Each structure stands twice: as C-alpha cells, then as structure tokens.
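Enquirer: So that you can map any letter, position 591 of the sequence shown is 591 in full-length UniProt numbering, and since no number is skipped, the others follow by simple counting.
No lab work stands behind these hints: they were computed from the structure.
Hints are supplied without guarantee of correctness; some may be wrong.
Cross-link-like lysine-lysine pairs, in silico, DSS-like; alpha carbons within 30 Å at most [what the hints assert, rightly or not]: (1) 183 with 85; (2) 613 with 594; (3) 85 with 63; (4) 281 with 256; (5) 183 with 140; (6) 613 with 601; (7) 256 with 282; (8) 183 with 256; (9) 140 with 85; (10) 183 with 63.
What follows is a set of in silico ranges between Cβ atoms, one per label pair, in the way DEER data are often shown [claimed, not checked]: (11) 322 with 347: 19 to 25 Å; (12) 508 with 378: 36 to 42 Å; (13) 531 with 390: 47 to 53 Å; (14) 97 with 254: 44 to 50 Å; (15) 99 with 31: 33 to 39 Å; (16) 331 with 449: 38 to 44 Å; (17) 306 with 285: 58 to 64 Å; (18) 467 with 312: 31 to 37 Å; (19) 495 with 330: 34 to 40 Å; (20) 531 with 508: 46 to 52 Å; (21) 322 with 193: 35 to 41 Å; (22) 357 with 306: 21 to 27 Å; (23) 263 with 508: 56 to 62 Å; (24) 171 with 322: 40 to 46 Å.
Everything numeric in this text was worked out from a predicted model, so none of it was measured.
We put the CB at the ideal spot given by N, CA and C, even for glycine.
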Amino acid sequence: MTGLLELPGELFITVAAFLGERDLLQLILSCPQAYSFLISTLYQDASLPLLWAAERGNERTIKNVFDYTSPPPLLLFYALTEACKYGHVNVVRRLLDSGAPVDRPDANSPEERDGGRKKTKPNMNGHQHGTFTPLWQATKHEHLQITEMLLEAGADPNRYTIVNCCRMFVQGCSTTDDLRIAKALLAHGFDITREQFLPNIIHENGGYELISLLLDHGADVSATDNCQATSLAIAVTASNVRRWQIVPLLLAHGAKTDIPDRWGTYPIHLAARHYNCSLLKKLLQAGASVDARNGSNMTALHIASNETLLSHRVLELLLDSGADLCASIGPGQSSILRTITSSGDPQIIRLFLDAAISRFPNVPSSDLMLAATVLADETTVTQLLKSHPSMDLLHETNNHGNNALMLAAGHGHDTIVRLLLPETPRIDIPRNSCRYSALQLAIWSRNLACVRPLLDRSPTTNRRDREGRTPLMLAVCENRRMDGFPNNPIVPSVEIAQELLVRCDNNKARDYDMWTPLHYAVEGGDIACVRLLLEVKGWRGSVNRNNCTPFMLAVMAEREDMVELFLEGRSGETADLAVRDEDGKTAVLQAVSKGNLSLVKRLVAHGFDLDAKGGFEWEDLTRVGSPLEVATMYGFDDIVEFLRESGAC
1 MTGLLELPGE LFITVAAFLG ERDLLQLILS CPQAYSFLIS TLYQDASLPL
51 LWAAERGNER TIKNVFDYTS PPPLLLFYAL TEACKYGHVN VVRRLLDSGA
101 PVDRPDANSP EERDGGRKKT KPNMNGHQHG TFTPLWQATK HEHLQITEML
151 LEAGADPNRY TIVNCCRMFV QGCSTTDDLR IAKALLAHGF DITREQFLPN
201 IIHENGGYEL ISLLLDHGAD VSATDNCQAT SLAIAVTASN VRRWQIVPLL
251 LAHGAKTDIP DRWGTYPIHL AARHYNCSLL KKLLQAGASV DARNGSNMTA
301 LHIASNETLL SHRVLELLLD SGADLCASIG PGQSSILRTI TSSGDPQIIR
351 LFLDAAISRF PNVPSSDLML AATVLADETT VTQLLKSHPS MDLLHETNNH
401 GNNALMLAAG HGHDTIVRLL LPETPRIDIP RNSCRYSALQ LAIWSRNLAC
451 VRPLLDRSPT TNRRDREGRT PLMLAVCENR RMDGFPNNPI VPSVEIAQEL
501 LVRCDNNKAR DYDMWTPLHY AVEGGDIACV RLLLEVKGWR GSVNRNNCTP
551 FMLAVMAERE DMVELFLEGR SGETADLAVR DEDGKTAVLQ AVSKGNLSLV
601 KRLVAHGFDL DAKGGFEWED LTRVGSPLEV ATMYGFDDIV EFLRESGAC
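Modelling step: build the complete structure from the supplied sequences, incorporating the hints.
Expert: So, in structure tokens, the structure goes:
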C-alpha cells in the first residue's frame with residue numbers, strides 16, 4: 001500500500017478510478033492516508049468542485065477547495081457568477097472575501113461589454129460554466145442583497161453596452177415594485193444620461209414606475225434611439241399595456257412632439273396608424289401639429305383615412321382638431337376629401353362631408369360636390385349648383401375617375417342624377433378607370449329610374465367597357481364588384497334589359513371574348529332575362545371564343561329550366577343538336593360528365609346523339625369516348641343503365 005501512495009498523483013487517481021465502490025471503500029478503510037491523499041489530489045483541480053458548489057450553495061465544499069488550493073481569478077469569477085445566479089448570499093460573500101473579481105479579468109473585452117456573454121463558452125476541464133457576469137445574473141434574478149454586495153465590491157454597471165444596461169434595469173424591476181435594485185444601481189453611479197438610454201428602456205418594456213424614477217433622476221426625455229425615434233414615439237407604439245400611462249408621463253416631463261425619426265415620422269402619425277385615439281388626443285393637447293407631414297408627405301389624416309385602416313373615432317378627432325381636408329400628397333394628387341369618396345363607407349364620407357360643409361367656402365366646391373353626390377345630399381348639391389354655376393362637373397373626378405354624375409349613377413341616386421344631367425355635357429365621353437360611363441354605372445346600380453334619364457341623353461346605347469361589354473350585357477350579367485361603390489349583390493335586371501332592347505341600335509354586338517348578351521344572361525342565371533333574350537334572333541346558336549353557345553353554357557351550369565327554354569325552339573329556332581365545346585364535348589357528354597341523369601334524359605328525349613364521341617378528363621388526361629364509356633368510367637350506374645336502355649353502344 002505504501003508503494004501505491006508513492007505513485008504520482010495523476011497515476012494514483014487513474015488507478016483509483018478503475019476500482020469498484022467496494023474496493024475503493026476497503027482501500028480507504030485499510031489505509032487512512034489514502035483518503036487524505038485522494039481528497040488533496042482531487043481538490044488540486046478546483047474547477048469542478050468549486051463551480052458545482054457555487055451553483056448549489058455548498059459552503060463546505062467551497063471551504064475544502066480553498067483549504068487545498070488557490071483557484072485562479074477567472075475560475076473565481078465563474079464561480080461567483082453561478083452563485084449570483086442562484087442567490088447564494090453566503091457563498092457570494094465567501095468568494096468576494098477570497099478575492100473573486102466582480103468583473104471579468106480580461107476587462108473591456110467585447111464579451112464584457114456585451115453583458116459578459118461569449119459566442120463560445122470556455123471549458124474549464126469539461127465544465128460548461130455560466131456565461132453572464134455576476135452583476136448581470138444578480139439583477140436579472142432580482143437578488144437585491146447580492147446586487148448591493150457586488151456594487152460595494154466595485155462592480156461597474158456602466159461597462160455594458162447601452163442595450164444590456166437597459167436590460168439590467170428592466171429585468172431587475174420586473175416584479176420588484178419598490179425598484180430597490182434600480183435605486184441601488186443609481187446610487188452606485190449608473191449613468192442614465194447615456195445616449196439612447198431612455199428609448200431603449202421603453203423598447204425593453206420598462207414599466208411606469210421605473211421610467212418615472214429615471215426621469216426624476218435626470219434621464220433625457222428627448223433622447224433618440226439608433227433610428228432617431230424619440231422615447232415618446234416608441235411609447236406610442238409600444239406593446240406594453242401601460243403605454244397609456246407612459247405617454248402622459250413623458251409629456252408631463254417635457255417630451256417634444258415635433259421630433260421626427262429617420263423616416264420623417266412624427267408621434268402623431270404613429271398614433272393615427274395604430275388607432276390610438278386616447279394617445280392621439282393627448283399628443284394634440286400637448287401641441288402636436290395635426291397637419292405635420294411624414295417622409296412620404298402624408299399627414300395623420302392621410303394615414304387614418306387609408307381604406308384599410310378606417311377608424312371613425314380617430315378621423316373624427318383629427319377633423320375636430322382642424323386637420324386639413326384638402327391636403328394632398330403631392331402635385332396632381334387628389335385631396336383627402338376627394339379620396340375618401342372612393343372608400344364606399346357612407347358613415348366616413350358623412351363625417352368628412354359635415355366637416356367640409358362647416359368649413360365652406362375654404363373647401364373646394366368640386367370636392368364638396370363629389371362627397372355630396374355619394375350621400376345623395378340633395379340640399380348641398382342644389383346649393384353648390386346655384387352658387388358655382390361654372391363648376392366643371394365633367395372633368396372633376398375622384399381617385400377612380402368618377403365625376404359627380406358617375407358617382408350619383410353608380411350609387412343609384414336618381415334624384416341627384418336628374419339635378420346634374422342638365423349641367424353635365426356629353427355624358428357618354430368621360431370614363432372611369434374601368435372604362436364605365438355614367439349610363440353603365442347606372443345599370444350596375446339596377447335602378448331603372450336612374451337609367452332612363454341617362455338613356456334619354458345618351459347618343460349611343462352600345463358604349464363598351466374595358467372588356468368590350470355593352471350596357472345590355474351589363475344589365476343581364478351577375479355581380480361584379482367595382483371599387484368605390486357599395487359591395488351589394490348585383491342580380492340581373494329584366495326591366496333594364498327590356499328598356500335597353502327597345503333602344504338598342506346593335507343587336508349583333510359581342511364583347512372581346514365573343515360573348516353575346518344571351519351568353520351573359522345564361523351565366524347570370526336569371527330565367528326571365530334568358531326568356532327575354534331568346535326572342536332576339538341570331539344569338540341562340542352563336543359561339544364565343546371557347547366555342548360555347550348559350551345553350552351549352554346552360555347545360556354546363558345544369559340549369560334544366562334554361563335548357564328546356566332552348567329546346568322549346570322559340571321563334572322557329574332549335575338548339576344545335578351537334579354543338580360541341582372547345583374540348584369536343586357534346587351536350588349529352590357534358591350532362592353525363594356532371595352525373596345529371598335528369599338532364600341526360602331531357603336531352604335524349606329531344607333527339608341528341610347518344611353515341612357522339614368527345615373529349616373528357618380522366619386521371620389528369622384528356623381522352624375521347626362516347627357518353628356510355630364516360631358514364632362507365634365515372635361510375636354513374638344509373639346513367640349507364642339508362643343509356644343502354646336507350647340503345648347506346
């Protein structure tokens with residue numbers, strides 16, 4: 001045994017490591033010197049036991065470490081960091097008394113200034129130590145006594161970057177209402193006048209009490225962050241639910257409302273963008289300019305009146321505060337009042353119209369006229385026509401190119417249309433962005449009383465829109481929403497179609513896809529319109545660009561009532577029995593593909609060819625087959641049975 005103890009320490013430890021628990025115990029019992037030798041040898045490498053003990057607060061192990069060895073400063077620093085993290089006050093005191101450094105030994109390193117964090121963790125004999133400094137850990141975990149001990153021992157809170165300094169403050173005050181940690185940092189020389197300090201505190205969601213404390217100790221209320229945003233601007237948009245308290249607090253300490261950020265945005269713009277009506281009111285009361293323009297030359301009213309952000313309360317507050325209704329973003333751009341007529345929201349338009357009327361004549365009469373026609377304000381329209389007889393009603397338009405007559409027609413205000421018609425020359429010439437004239441817009445409104453006076457004044461009833469559709473096509477087609485008008489369901493109107501047929505000067509008109517009015521009537525789904533247009537010769541068998549007749553569209557839509565109308569053969573015409581679509585499908589093949597047995601029976605009863613082959617889709621491929629083959633492949637057993645009984649092969 002004596003010879004074993006004479007071995008080098010490393011070799012002795014290696015031999016002991018291969019002994020089992022029972023053999024090691026027997027060795028220690030038989031030779032007391034072996035126990036002392038093992039302990040002293042193990043503690044010579046203090047990293048593992050010291051860090052383990054610091055994390056768990058084991059004072060006895062720490063005493064043994066110092067009895068057997070003198071740990072290096074860097075190891076003491078790591079141990080102190082672990083003890084501060086877990087709040088072991090006695091261990092922290094023992095380490096400080098033993099000379100543990102409160103800051104990294106390699107002071108002023110980039111890692112130190114970044115909160116003591118390193119991108120790669122140093123390895124002390126395989127142990128992964130904590131990578132934050134003692135002061136950081138103590139404040140983060142709100143250990144007040146340890147924080148004070150570190151500060152008294154010389155820990156410098158100003159070593160960190162501004163962002164990490166702010167995080168120390170916010171983390172240390174997250175649940176401590178009396179702000180004792182923040183006060184301790186301030187008492188030991190923390191510099192709160194540093195550039196960007198207060199903005200970053202608000203960025204980190206610092207609470208009302210903390211911000212109030214910092215302001216009372218001289219923090220710069222007008223400081224800006226790296227984007228030149230002030231504390232006030234950051235507070236307006238902060239996610240902190242206590243911003244309703246923080247903004248008034250900053251204003252009470254003299255925060256300026258007229259400092260823009262890097263992009264020229266003022267706090268009032270941010271409040272308008274985020275629907276903060278309460279904060280917006282406080283900013284205005286503090287002297288914020290209601291017409292201040294951001295880097296895009298927009299005022300708060302521009303931002304609040306954006307179609308995606310419409311907020312009645314914010315708009316009302318801005319208008320009551322005197323926001324300029326006539327402000328435009330730049331030369332050639334529409335004013336806010338003119339732009340708002342395209343919103344389609346009558347409540348918002350009414351709000352603007354009332355404000356404009358109260359400021360008249362300081363508001364352009366043309367802008368006022370556009371808003372009044374949208375709301376069918378007959379009194380205002382009449383007064384404007386009398387007071388401004390030379391107003392250019394023809395060319396003054398909103399953002400979508402609609403003049404006053406077009407707006408009245410599109411909204412179906414027939415009384416306003418009658419008022420404006422005598423004052424608007426050449427009503428068919430101006431077109432909006434969709435190439436609609438006043439007559440076409442009136443047809444969209446489905447108000448016959450609005451259509452008739454326009455028909456009386458229109459030199460032609462076949463003016464086309466940008467898709468080549470005539471007024472008659474618009475009268476019988478289905479809903480197609482237009483920007484700037486109410487999104488109400490638009491159904492085909494047989495009354496307007498009848499009126500147009502009487503005055504139509506071109507019954508052969510087609511759109512750019514070769515659709516006739518009858519095609520549109522079938523697609524629109526109104527049986528009365530289809531019945532009306534079937535009386536017009538030349539449309540029943542006409543094909544569009546996809547080689548589809550109106551009859552084929554009815555089959556594809558499975559509208560048996562319409563199919564029956566075509567099969568009745570009105571006016572001496574019958575549906576084309578051999579007609580095919582662009583894929584080569586016959587009417588029977590279309591009905592079979594839909595699995596509609598009733599429709600198949602109706603077609604077969606009228607003599608359609610049961611064996612005419614055509615194209616059909618199967619497993620992403622187009623194949624050719626007869627109705628019976630298609631029904632078989634699709635698994636329509638009832639149709640297969642009927643076709644066989646009818647003699648199909």
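Enquirer: Take the hints in turn and mark each one as holding or not.
Expert: Hint check results:
1. 183 with 85: holds (20 Å)
2. 613 with 594: holds (16 Å)
3. 85 with 63: The given pair, whose Cα atoms are some 20 Å apart, holds under the 30 Å limit.
4. 281 with 256: Holds - the C-alpha atoms of residue 256 and residue 281 are around 15 Å apart, at most 30 Å.
5. 183 with 140: holds (15 Å)
6. 613 with 601: holds (18 Å)
7. 256 with 282: holds (12 Å)
8. 183 with 256: Within the cut-off at roughly 27 Å; holds.
9. 140 with 85: holds (8 Å)
10. 183 with 63: violated (34 Å)
11. 322 with 347: 19 to 25 Å: Given about 21 Å between the Cβ atoms, the range holds.
12. 508 with 378: 36 to 42 Å: This hint holds: roughly 41 Å between Cβ atoms.
13. 531 with 390: 47 to 53 Å: Given about 49 Å between the Cβ atoms, the range holds.
14. 97 with 254: 44 to 50 Å: holds (47 Å)
15. 99 with 31: 33 to 39 Å: holds (36 Å)
16. 331 with 449: 38 to 44 Å: For residue 331 and residue 449 the Cβ distance comes to about 40 Å; the hint holds.
17. 306 with 285: 58 to 64 Å: violated (24 Å)
18. 467 with 312: 31 to 37 Å: holds (36 Å)
19. 495 with 330: 34 to 40 Å: Between residue 495 and residue 330, where Cβ atoms are some 46 Å apart, the hint is violated.
20. 531 with 508: 46 to 52 Å: violated (20 Å)
21. 322 with 193: 35 to 41 Å: At 38 Å between Cβs, range holds.
22. 357 with 306: 21 to 27 Å: For residue 306 against residue 357, whose Cβ atoms are near 23 Å apart, the range 21 to 27 Å holds.
23. 263 with 508: 56 to 62 Å: holds (58 Å)
24. 171 with 322: 40 to 46 Å: Holds - the Cβ-Cβ distance for residue 171 and residue 322, about 44 Å, lies within 40 to 46 Å.
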